[in-house]
Structure formats: structure tokens, C-alpha cells
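Residue numbers (the working numbering), protein chains in the order written: chain A, 1 to 445; chain B, 1 to 445.
Any given hint might turn out to be false.
Repeated chains share a single entry, so a pair holds when one copy, or any two copies, can fit it.
To be verified - Below, a list of computed lysine to aspartate or glutamate pairs in the EDC-like style, where the Cα atoms sit at most 16 Å apart:
| # | residue 1 | residue 2 |
| --- | --- | --- |
| 1 | Lys317 | Glu414 |
| 2 | Lys315 | Glu414 |
| 3 | Lys443 | Glu354 |
| 4 | Lys91 | Asp50 |
| 5 | Lys317 | Glu415 |
| 6 | Lys443 | Asp310 |
| 7 | Lys141 | Asp56 |
| 8 | Lys2 | Asp73 |
| 9 | Lys250 | Glu25 |
| 10 | Lys200 | Asp56 |
| 11 | Lys273 | Asp251 |
| 12 | Lys346 | Asp251 |
| 13 | Lys255 | Asp265 |
| 14 | Lys290 | Glu198 |
| 15 | Lys139 | Glu393 |
| 16 | Lys2 | Asp105 |
| 17 | Lys75 | Asp56 |
These are computed hints drawn from the structure, not numbers from a lab.
There are 2 protein chains.
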Amino acid sequence: MKFIVIGGDAAGMSAASRAKRNMPELSVCVYEQTQDVSYSACGMPYNIADAGRQIDDLVVRKASVFREKQDIDLKLGHRVEKIDISNKAIKGKDSSGNAFSDNYDILLIATGASPIIPNLPGFDLPGIFALKSLEDGRKLKQFLRPEIKKAVILGMGYIALEMAESFHNRGISVSMIKHRPQLLPWLSSNLANRVQKELKAHDIQLYDGHPVAGIESTNNQLNVISKDLTLNADIVLTAIGVRPNSQIAKDAQIKTGPSDAILVDSKMATTGKDVFAAGDCASVMHNVSKKQTWIPLALYANRGGWTVADNVCRKNKYIPGVVGTAVFKVFGLQVARTGLNMSEAKKAGFDPVEIVIQSRSRAHAHPGAGKIDVSMVGDVSSGRLLGVQMVGEEGVAHRINAPAIALHGKMSVEEFSLADFAYAPPFSPVWDPLLTAANQLLKKM
Amino acid sequence: MKFIVIGGDAAGMSAASRAKRNMPELSVCVYEQTQDVSYSACGMPYNIADAGRQIDDLVVRKASVFREKQDIDLKLGHRVEKIDISNKAIKGKDSSGNAFSDNYDILLIATGASPIIPNLPGFDLPGIFALKSLEDGRKLKQFLRPEIKKAVILGMGYIALEMAESFHNRGISVSMIKHRPQLLPWLSSNLANRVQKELKAHDIQLYDGHPVAGIESTNNQLNVISKDLTLNADIVLTAIGVRPNSQIAKDAQIKTGPSDAILVDSKMATTGKDVFAAGDCASVMHNVSKKQTWIPLALYANRGGWTVADNVCRKNKYIPGVVGTAVFKVFGLQVARTGLNMSEAKKAGFDPVEIVIQSRSRAHAHPGAGKIDVSMVGDVSSGRLLGVQMVGEEGVAHRINAPAIALHGKMSVEEFSLADFAYAPPFSPVWDPLLTAANQLLKKM
Chain A
1 MKFIVIGGDA AGMSAASRAK RNMPELSVCV YEQTQDVSYS ACGMPYNIAD
51 AGRQIDDLVV RKASVFREKQ DIDLKLGHRV EKIDISNKAI KGKDSSGNAF
101 SDNYDILLIA TGASPIIPNL PGFDLPGIFA LKSLEDGRKL KQFLRPEIKK
151 AVILGMGYIA LEMAESFHNR GISVSMIKHR PQLLPWLSSN LANRVQKELK
201 AHDIQLYDGH PVAGIESTNN QLNVISKDLT LNADIVLTAI GVRPNSQIAK
251 DAQIKTGPSD AILVDSKMAT TGKDVFAAGD CASVMHNVSK KQTWIPLALY
301 ANRGGWTVAD NVCRKNKYIP GVVGTAVFKV FGLQVARTGL NMSEAKKAGF
351 DPVEIVIQSR SRAHAHPGAG KIDVSMVGDV SSGRLLGVQM VGEEGVAHRI
401 NAPAIALHGK MSVEEFSLAD FAYAPPFSPV WDPLLTAANQ LLKKM
Chain B
1 MKFIVIGGDA AGMSAASRAK RNMPELSVCV YEQTQDVSYS ACGMPYNIAD
51 AGRQIDDLVV RKASVFREKQ DIDLKLGHRV EKIDISNKAI KGKDSSGNAF
101 SDNYDILLIA TGASPIIPNL PGFDLPGIFA LKSLEDGRKL KQFLRPEIKK
151 AVILGMGYIA LEMAESFHNR GISVSMIKHR PQLLPWLSSN LANRVQKELK
201 AHDIQLYDGH PVAGIESTNN QLNVISKDLT LNADIVLTAI GVRPNSQIAK
251 DAQIKTGPSD AILVDSKMAT TGKDVFAAGD CASVMHNVSK KQTWIPLALY
301 ANRGGWTVAD NVCRKNKYIP GVVGTAVFKV FGLQVARTGL NMSEAKKAGF
351 DPVEIVIQSR SRAHAHPGAG KIDVSMVGDV SSGRLLGVQM VGEEGVAHRI
401 NAPAIALHGK MSVEEFSLAD FAYAPPFSPV WDPLLTAANQ LLKKM
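Bound-form chain A, shown alone (with noise of 0.2 Å):
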């Protein structure tokens, strides 16, 4: 039997990797467009702020391991083009032009998600990156001589927030400029002002609200060009957002979702026969408002990917879909969330309450505390946990977990605030910041 996979990262390789595991007698080969496989992509920020390391650091497992200790026949520089349903086959052509074709008992699409580049003037000129393949790092990274001292950010999302960072740590002063009014609109607005405040202190500039028209060079220096200003930049980033690279399954006839995502099952299987997709490609069913939706996130890849070689392998695994639970770091601040926020929650059918508290990371008199602002948000008609957001200095990254396993669990807001908590001085008040959230909320109710 043989089992292709189209994408060498997160998903793809999982899955190519726990098929041979599963069944060392099936024959696992995988097309990879690019020279990489298997590597952090979420961790580029955080590299290219350190001058000192090299972006290949990144790499999990080198081909060479795949191939030689899995017996998994990699391919790359190999663009797999066309898939051909009732032929069971794929065609594609390589780094060096030659067309290749093969055929599979079963496929998997793990193409990934591209970054979104405007269509507008001058976004193909030198010194505008976007950051999603290691190669978009690598190219990225080494275009930082110590002459770079301007960047300017187009978005404002969790990446963007991530590489101003990562820029102000290098020395380079950082503008961030995006069309829609408002950082973060989807967190709540105590805690996004937080966050605006943190990058205000660490004199990221903000610009929201401020459409961009288009990129002009002169005098080698880039100017990003919006209706009423014009940013001075050494180098622009488009993080703007990314979309599912799933054109070749809906050439297919393989249906897509939210985002245009290839819709998958329970199972991750397509409407295709025998064809599967995992990873930022692909859907996935959130628990909480039971809607198929896309959040391109690293562990649904991975754990998509498993899931695809389990039930390639017979194993008949089911997962049960997600939380929508994420979590970023921004200078000095973690912010946390998981399940639906207020509007969120109403477009879900729901009649949902949104308590805001501000608590502390540490007992009281122990020093060293700092603020928790905790935005908690309850379904009034069935009493149900719906999300929960949060920004503090220390304890939120993990934190957010419990609520998420809530969320699993339908449990209630006041299920959840009876819940058993850790409690020593050093990490939390005795009432911990989300139990402090979920008795004020159950007031609301």
C-alpha cells in the first residue's frame, strides 16, 4: 500500500512519520516543495531576534533522518500540481522543471497556508518579507545588516506582534501600521489596551486604521504609503494574515469550508476519495460553537497529522476538534485565550455574559505580584463556560489550560468555580485569578 503526502512540516511529516511507526510495511512518500522539512516555524521570531543563532536551529529532524533511520522516501524541491482523483495519481514538477507524476492507495494534502500579499504596487520589491517558510526566515534574517534601523509592520496579529519584538531586540525601531481600526479586536478591550500600552512602552508605533495604499523606494529607503502618512522603512513586513493553500484540492473537486480550508472530518478526511488533509490547509470543528471553522495552529497540525496515519493505518481514530486555545508572548506580557469571546459567542446562537476582573499573579503581601486581567464569558440560558481571555505578566501561558479542558468538558461557569485549584504564595492568590472571574461572572447570570 502506499501512502503519499503533499507538504514536508508539521502535519505532513507527523503523519508520514507515525504511518511507518503504525506499519513499517507501508511504503510513505512525501513531496516537499521547498529544501525544509520538519522545523519551528513558530519559533522564527524568537531566533531572528538573537543574531548569534542560526536559523537552522529550527530543524526538528533533518531529511537525512526521515529518509535513512524511517525509510520514508522524501522528495525535495518537488511541487506536487494536480491531483487526479479517479486515477488515484498526482503530477507536479521539480525544482529543476522535469514533471513527475506517481500514484497512491491513499493521499494526504498537508500543503500548508500561504501568507496573504496585497495586491498593490510594490510589494515585490526588495526589502518586503513575509515570514512563513524557514526559507522566508533565512532570506529575512540575513537581510538584517546593522544599517537596517527602520522596520515597518504591516498587521498588527500575533506574528506581527511577535517580529516587532524580535526587531526591537535587534535595535530596529518599529512602526505597525494596519487597515481596520483597533489592536486586537478580538480580545476584550481592557486587556487589548494592556497589551497597546506594552508596545507603547517599548516605543512600537502604532497605526491602525490606516489603509495602505501602496510601497514606493526611493533614495534606497521604502516608504509605506497610506492615505494620510507615509512610513520611512529599511525593511517591511506583511503580516496581514495567511489563507489555506488548498487550491489544488478544490481543483480536485475536494470541498472547502470557513476560509476556504479543505473541510475535513472527525477522521481528517476529505470529500475525496481516499484523500485526507491536516494541518494549516485544513478545517477543523470547534467544540464550543460546533461550527466547522480554520485556525491555522501548530499542535491541530501535528495532531492532525497523527490522526491521518492512524486511520491510514486502519486504527479508526477519531479527534474531537478544538477550543480555539492560543497563546502569545508581546515584550514583557503573556496573552492568553480559549473558546469564544462576547461577539463570537452570539454569532454562535448563544446569550452570552462577559465578566472583566483584574487580579493578581501572586499571594497577597507576596512580592514580586503582577496584574491578571481576565475577561471570563458564560452562556446564561445553560449556565455554560463559553471562553475566557487573559493578559499578565506571569502565569497566563498555562493558566489558560484549565479552562480550555472546561470548555472539553462543558463544564459550567459555577462547575468551574468550585474547581480545585493549585495554591501557594509564590503562584497565585488563594483565589485564583480565574476562580476570582468565574464567582464574579456567576453574579451576572
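Since the structure of chain A is already known, use the hints to place chain B on it.
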């Protein structure tokens, strides 16, 4: 209606305050035998570690606030000695030796717990301390003059360990001695070994398996005497555990349970008519073993107090019990647990299996990562998650709350392994250490 509370610490004052907030017309009277109310007892080791801080920094709310702002009749220096359930009366003596008596409609026993002092020669010598009340902490801290250079701690539980660090930070060399062999016998052995190494790295001398026979005083020094060993000290701390102050309840024919703690139901009611109990003197229901047990922890005391207040005010509040979540810090390590360990699980009638793994606190190639050791226990017959223990330099204290929620929700190990955890390189690997442990445990189940 008159609500009388015996004991003015966490459970007692939580109950008194909340009852007054719930029902301002309620007459609330608290009898407290010491001169202190409402302080962070758990903060004492950290306060004592810092010569520059006043022990009274740990007071959360002063007696005057309870009296003046909350209209609570707070009687300090009043020791209740007898409860007469048939006449709904209490009797006692104040600090000047004058008898007093009072009548209640509803009574709360919140008498806490007392340190166990061995009934052996020499434990009444000067320089020997225990640490439970704020007055204990006050006296101990006053005693720590610059000439105090050597401490012996009896016991190796978490208060003993916190105080070892506290003394160490004050420049006092520390030896610890206990009767039974093995440091932290409830902790999985790999994890306990790691704690032991941390203690040794800070020059803490450990003498486990050495029963103490008594203490003698010679040449202005204390000698802690064991069969084959004598330890010299300028100060001795007895930290071999606490026992519930339940004698007053037993004398009134109120039923006690495990460890002689006062038995309470899910409304915190005792077997005595109109008598509640809460805090370190009361039992708790363990939600995993489904057995009454005794775990004296601050959150249970605060929550128990609130529950009593709500039931006093006819709000019919039930609490679901605990899962035994706890954390402490010892030098550079965080040590946390929730649920049952192997031997507790066997005793509770499960068919448990354990996995012990080591993972990292940050992503692949992210600098500054520490190691996290995880023990996870599951039930082979039902598939249920039963307990988790963790030790690590960072990311342990709050991570433990996720499996705690899973235990409340009776989640299976497989469901837990498929949960949506937060990931960003500074905070965890893509597969959180808890997910790695669950994935590995599944293979053994």
C-alpha cells in the same frame, strides 16, 4: 437570627463576612482565641525569609475593619471550650481567665488545626518552634537574631521544605530529620529524587529514617538526638504535620472521620443540629476516590466558609468536593500534584497504571528551557485519568490546574490527550508535557 463562628482565620472570617454581605440584618459573632484574624498563614515562610519585612504584612484585613465596616462582633482572646447543642449554647474563657457564654441559632466550628508536637523529652525548651498561627511566625522571626546559624527541622513535608529555603535565605545552615525513610513518599520516585537533588544542591542536609528520641540543651545549643545521630542547632522547627482541632466537636457528640477531622456533608453541615464546620478542622470529599478525607488547604477553608455563609442564609449551596490539587516551591523547583498517586488509586479500588516522562518547559531550540518531570496515573478498566504529579523549574504551578479540571469532569486519559492546549515557543513544546504524558500513558492502558 444569630450566627456564631468559633475561630477567626480563613474559614471563620470568610463565613462571617459573606454571611453579613448576604444578609446584613444577621447578627454575626466571631470568637477567636488569639489576637490575630484574617492573615495569610501560607505566606509565613516567605515573610520570615526576608528580615526587612514585618510579619504583620501578612494580615489581609484588620480586626477593626471587620468590626467597623462589616458590623461583625469580633471577640479576640476568647477561647470557646464547650458546645452545648441541645441548648444551642457555647461557653469559654477570655484571655484574662473570665468565663463567658453565648447562644446561637447557627454555629460554625472553624477551629483549624494544630501542629503535632512529639510527646518526647525536651520539646518545651526555648528555641523550639512550630509554625501555624501568625503568633508562631512572630515569635520565630523575632528569635532569628544574627547569632542563629544552625537550624534543625523535624519533618520533610511542604512546610518543612518551605522553611528550609526560608532559613537558608537568612544564612542559616539547615538539617532536616524525619522518622520514616524517603523524602516525599507520596511523590513518584523520579520526581522525589529531583527534589532531593535540589535540596542537596543548596546544602540542606537530609536525614530520613532517623526517629528523634528527644532534644537536649547543652552549652547554649540544642541537640536533637536520634539513635545513631545527634544534630546541633541554634533553633529547632517542628514541622511533622498538623491535626484537626476537633476535640470540642467530639465532646459535643459531633461525628469525626478520617484523621479525626469533623465530618461534613456537601453543605458543610456536621452531624450536630444547626452546626457547620469548615477549614482545617473539617473533612472534605475527594471527588476521585469518592471517599471522605482530610486535606487542610487554604482554598478549601475559604470556599468552605463561603458555603457555610450561603447555607446560613438559606441559599442551599452544595460543593462538589476536591481533587487534592496542591503546589509548593522549594528553591528553584515547583512541585505540584492533583488527584491520586498509584498507591492511593489502588486503595480507592482502581486498577491504576502510571507513566513517568521527562519533557521540556519550552519549545525545541527555544533558549532557557528547563526540564519538566510528569507522572500520570490512569485507570485501566475505565480509561479514566486519576492523577498527575509534576516537578520543574518553570511552568508547573499553573499547568497542574488543567488535569485538576479534567478530574472534576471525570475525563478519560484519551479525552485529555486530545485536548486543545496553548502553544507558543517560550511557554511549551508543541506537545505540552501533559499531552506527551497522556499519549505515553495511553500506550500502557
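Measure nothing new, just compare the shortest in-copy and cross-copy C-alpha distances for Lys141 and Asp56 to 16 Å and report within, between, both or neither. within (11 Å within a copy, 54 Å between copies)
Can you tell me if Lys75 and Asp56 fall within 16 Å by alpha carbon in one copy, between copies, both or neither? neither (19 Å within a copy, 69 Å between copies)
Homomeric proximity label, Lys443 with Asp310: Cα distance no greater than 16 Å: between (46 Å within a copy, 14 Å between copies)
Classify it for me, Lys317 with Glu414: is the Cα-Cα distance of at most 16 Å met within a copy, between copies, both or neither? Between copies only: 11 Å across, 33 Å inside.
Which holds for Lys290 with Glu198 at a C-alpha limit of 16 Å: within a copy, between copies, both or neither? neither (35 Å within a copy, 47 Å between copies)
Could you place Lys255 and Asp265 in one of the four classes (within, between, both, neither) given a Cα distance threshold of 16 Å? Classified as within: same-chain Cα gap 11 Å, cross-chain 55 Å, threshold 16 Å.
Intra/inter-copy verdict for Lys200 and Asp56 if alpha-carbon distance must be at most 16 Å: neither (32 Å within a copy, 38 Å between copies)
Within a copy, between copies, both or neither: where do Lys250 and Glu25 come within 16 Å Cα-Cα? Cα proximity of Lys250 and Glu25: none, with 32 Å in one copy and 70 Å across.
When Cα atoms must be at most 16 Å apart, do Lys346 and Asp251 count as within-copy, between-copy, both, or neither? Intra 35 Å, inter 57 Å, cutoff 16 Å: neither.
For Lys91 and Asp50, with the copy left unspecified, which applies at a CA distance of at most 16 Å: within, between, both, or neither? neither (40 Å within a copy, 70 Å between copies)
How would you label the pair Lys317, Glu415 (within, between, both, or neither) given a Cα cut-off of 16 Å? between (30 Å within a copy, 12 Å between copies)
Could you place Lys2 and Asp105 in one of the four classes (within, between, both, neither) given a Cα distance threshold of 16 Å? For Lys2 and Asp105, the Cα distance is within 16 Å only inside one copy (5 Å; across copies 78 Å).
Checked against the numbered hints listed earlier, the structure breaks hints 4, 9, 10, 12, 14, 15 and 17; every other hint is satisfied.
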